[in-house]
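One line per chain: the protein sequences are A and B, in this order. Numbered according to our numbering, the first sequence terminates at residue 354, and the numbering increases by one at each position without gaps. Numbered according to our numbering, the second sequence terminates at residue 266, and the numbering increases by one at each position without gaps.
Just so you know, not all the hints are guaranteed correct.
Now the stretches of chain B that chain A is said to cover, found in silico as 3 or more residues with beta-carbon under 8 angstroms [what the hints assert, rightly or not]:
1) 56 to 62
2) 94 to 100
3) 112 to 123
4) 205 to 217
With a cut-off of at most 25 angstroms between alpha-carbon atoms, the simulated PhoX-like pairs for lysine-lysine come out as follows [claimed, not checked]:
5) A:K202 to B:K264
6) B:K258 to A:K204
7) A:K267 to A:K286
8) A:K271 to A:K204
9) A:K20 to B:K22
10) B:K102 to A:K190
11) A:K202 to B:K102
12) B:K102 to A:K204
The following label-pair restraints were derived from C-beta to C-beta distances [stated by the list, open to error]:
13) A:M331 to B:T160: 41 to 51 angstroms
14) B:F32 to A:E213: 39 to 49 angstroms
15) A:G108 to B:G185: 49 to 59 angstroms
16) B:F32 to A:K0: 57 to 67 angstroms
17) A:S38 to B:T159: 42 to 52 angstroms
18) B:M17 to A:G45: 49 to 59 angstroms
19) B:V20 to A:R200: 25 to 35 angstroms
20) B:E184 to A:W192: 31 to 41 angstroms
21) A:P42 to B:E262: 20 to 30 angstroms
22) A:Q184 to B:G185: 20 to 30 angstroms
23) B:T144 to A:P183: 40 to 50 angstroms
24) B:K22 to A:E201: 46 to 56 angstroms
No wet-lab data here; the hints were simulated from the structure. The C-beta atom is built at its ideal place from N, Cα and C for all residues, glycine as well.
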Amino acid sequence: MKKILIKGNEAIAEAAIQAGCKLFFGYPITPSTEVVEYLSKHLPKAGGTVLQGEDEVASINMCYGAASTGTRVMTATSSPGFSLKQEGMSYLAAAELPVVVVNVNRAGPGLGGLGPAQSDYFQCTKGGGHGDYRLIVLAPSKSQELYDFTMEAFDLADKYRNPVLIMADGFLGQMMEPVEIKERPQVELPPKDWVVDGCRGREKRKIVSYSLTNEIGEANCLRWQAKYEKIKETEQRWEEFYTEDAEYLIVGYGTCGRIGKSVVLNARKAGIKLGLIRPITLWPFPEKGFAPYKDKIKGIVTVELNAGQMIEDVKLAIECRVPVYLCNRQGGMMPSENEILEFIGKVFDLSLVREA
Amino acid sequence: MEVVFKRTTGLTGIPFHYCPGCTHGIIHRIIGEVMEELGIIEDTIGVAPVGCAGFSLDFFSCDFVGAAHGRAQAVATGIKRSLPDKMVFTYQGDGDIAAIGTAHAIHVAARGEKITSIMVNNAVFGMTGGQMAPTTLPGQVTTTSPYGRDCALSGSPIDLPKTVATLEGAVYVAAVSVDSPKNIFAAKKAIKRAFQVQQLGLGFSLVSILSTCPTNWGLSPVDSLKWLQEKMLPLYQMGELKVPEEVKGL
Ligand SMILES: Cc1ncc(C[n+]2csc(CCOP(=O)(O)OP(=O)(O)O)c2C)c(N)n1
Ligand code: SF4
């Protein structure tokens, strides 16, 4: 196994190649641009094609076409670009097409700033486009996970015939870290017996996102919801850190989950029994991870790079049985470990034992 | 008994949902015949838009993908880049290709994407009830230009084939009509050439077809054909705007 020093965005791109992605359609936007740049250089050598679309709308719809034929395909963007892809996301979900989409969040709203943020949480996990649909949303917290999760995203997309989203922030995309380059694990996937590739020797096939009668419309919606329930049941993922005896929990994903670990260690040194839950799937949200702590802990602090979005899911997961507070920075800023620890001390009225 | 006329195998035989007198049906038929004659039905993937033209995905015998409004050519690009050996075509209304889909219409041509686009120009948004399209004629009354299209307010009609023909990657561009038997034959020939250009891998091909919308024009089928001949034919540049040598002899 080879280990290389690589930028987060490049890790995503390399993973896509290893996962057998044959087509990439994209449009540059900071801080995700290295994905399209890396692939432009390396995907052709691996027998694939990178096409720079005229915009994000074109790129996501090119993905729609490619996925219809059963080809592994990906696109990557950052927040304003992801907004433009929303139309396509809704259609992809409705047509049940396996596509991997990367959103390396930058600060918003509007053109916002180039700094890292998690302000697209609602948009990524609650639909974003029109209609009732869900995306599987994976939130890596380091380059190795950017690599591993991207590779797996292709399998998840094929397994469920559903778009899968890699949700990262600009910090992760831009950071350089060693990454172990692994080969694609062999997993059993359902046959792609639904693709359009010319009707030679078979009935013609159609891939559509609409239903012309309300009866068919309802049947489709019920089918999608049943699939989403199954994903909810089987794919919830999270990481726990010092949770066993925890009296307080912090919850953060991506970069915040990473900072959270240091906060936990510092809190323990300061005499506070703090634990961490780091959601790995943002949809389905890992409710199961919270279940054991509903009646055991005194409070939760969510750490977010936005005005407080995931906190709503945390409150639901914990059934509002314990107080949940938000410790956040916005606009591209990142909270420091000390800042978070002091916040925890303040909201729960805890005296921090300072080491000499 | 000798069979002198039969339904083309390029169409499924599902009855058309189009309004009486609508020329979408004629256009379907000649595309079906071209696919049959070229023997490409089983190697073709069509992309349907939104609008009346969107019904097409049930009627053609080949595989089909339904795209979002205006996005058919981007979807077709994805399909063709996945399966370069297959024939890929879009069947779009003028509202679809020349309003919401304009960016894609220009860029597939600029890239020389090896797909074929059929544009059905009926000078209105048909399915949504006859609103103004980019192709609506100056002075033409529609539900969103109730006093007649005022070019000072909403611009002048876009002659999309003419625009597309200026782009290097657009190899075959034709503007035809299906108002008379003679023009129907010419339209069929143009469609055939457009597919042949794709078969030869030469680049992007576009056939724009003037079509009627009796329902939204508020005219009888016969008067619609007359209106097309009198008002639309003189406005748009007609004929083969660009033909590569390779298909001239075919
Ligand atoms: C994003 C979006 N905007 C608007 C619509 C509504 N809509 C449906 S068909 C149509 C116009 C189609 O006109 P045209 O392409 O000329 O096709 P025709 O119906 O005349 O064949 C519109 C605006 C839509 N489906 N999606
Ligand atoms: S509304 Fe117009 S374009 Fe649509 S089917 Fe009827 S006549 Fe044809």
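Quick rundown of the hints versus the structure:
Note: the stretch 56 to 62 of chain B has 5 residues with beta-carbon separation from chain A under 8 angstroms; the three-residue rule is met and the coverage holds. Restraint check on the stretch 94 to 100 of chain B versus chain A: 6 residues with Cβ-Cβ distances below 8 angstroms, three needed, restraint holds. As drawn, the stretch 112 to 123 of chain B meets chain A at 4 residues by the rule of a beta-carbon pair under 8 angstroms; at three or more, the given contact holds. Requiring three or more residues with a Cβ within less than 8 angstroms of a Cβ of chain A, the coverage given for the stretch 205 to 217 of chain B is violated, as only 0 such residues are present.
About 32 angstroms separates the Cα atoms of A:K202 and B:K264, which puts this hinted pair outside 25 angstroms; it is violated. A threshold of 25 angstroms between alpha carbons decides the hint, and for B:K258 with A:K204 the separation of about 33 angstroms lies outside it, so the pair is violated. Annotation: proposed proximity of A:K267 to A:K286 is violated, straight-line Cα distance about 29 angstroms (limit 25 angstroms). A hinted pair counts as satisfied when its Cα atoms are at most 25 angstroms apart, and A:K271 with A:K204 does not qualify at roughly 57 angstroms.
A threshold of 25 angstroms between alpha carbons decides the hint, and for A:K20 with B:K22 the separation of about 43 angstroms lies outside it, so the pair is violated. At roughly 18 angstroms between alpha-carbon atoms, B:K102 and A:K190 fall within 25 angstroms of each other, so this suggested pair holds. Taking the CA atoms of A:K202 and B:K102, the gap is about 15 angstroms. The hint holds against a cut of 25 angstroms. Among the hinted pairs, B:K102 with A:K204 is consistent with the structure: their alpha-carbon atoms are about 16 angstroms apart, no more than 25 angstroms.
In this structure the hint that A:M331 and B:T160 lie 41 to 51 angstroms apart at CB holds, the actual value being about 47 angstroms. For B:F32 and A:E213, the Cβ-Cβ distance of about 23 angstroms falls outside the hinted range of 39 to 49 angstroms, so the restraint is violated. For A:G108 paired with B:G185, a C-beta distance near 35 angstroms fails the hint of 49 to 59 angstroms. Take B:F32 and A:K0: their Cβ atoms lie about 59 angstroms apart, and the range 57 to 67 angstroms holds.
The hinted window of 42 to 52 angstroms between A:S38 and B:T159 holds, with their beta carbons roughly 46 angstroms apart. The supplied range of 49 to 59 angstroms is met by B:M17 and A:G45, whose beta-carbon atoms lie about 55 angstroms from each other. At about 31 angstroms, the beta-carbon gap between B:V20 and A:R200 stays in the expected band of 25 to 35 angstroms. Distance hint check for B:E184 and A:W192: the Cβ-Cβ separation is about 37 angstroms, which falls inside the suggested range of 31 to 41 angstroms.
In this structure the hint that A:P42 and B:E262 lie 20 to 30 angstroms apart at CB holds, the actual value being about 28 angstroms. Separated by about 41 angstroms at the C-beta atoms, A:Q184 and B:G185 break the suggested range of 20 to 30 angstroms. Remark: the range hint 40 to 50 angstroms for B:T144 to A:P183 is upheld by a beta-carbon distance near 48 angstroms. For the pair B:K22 and A:E201, the supplied restraint of 46 to 56 angstroms is violated, since their beta-carbon distance comes to about 21 angstroms.
The structure fails hints 4, 5, 6, 7, 8, 9, 14, 15, 22, 24 (numbered hints given earlier, in ascending order).
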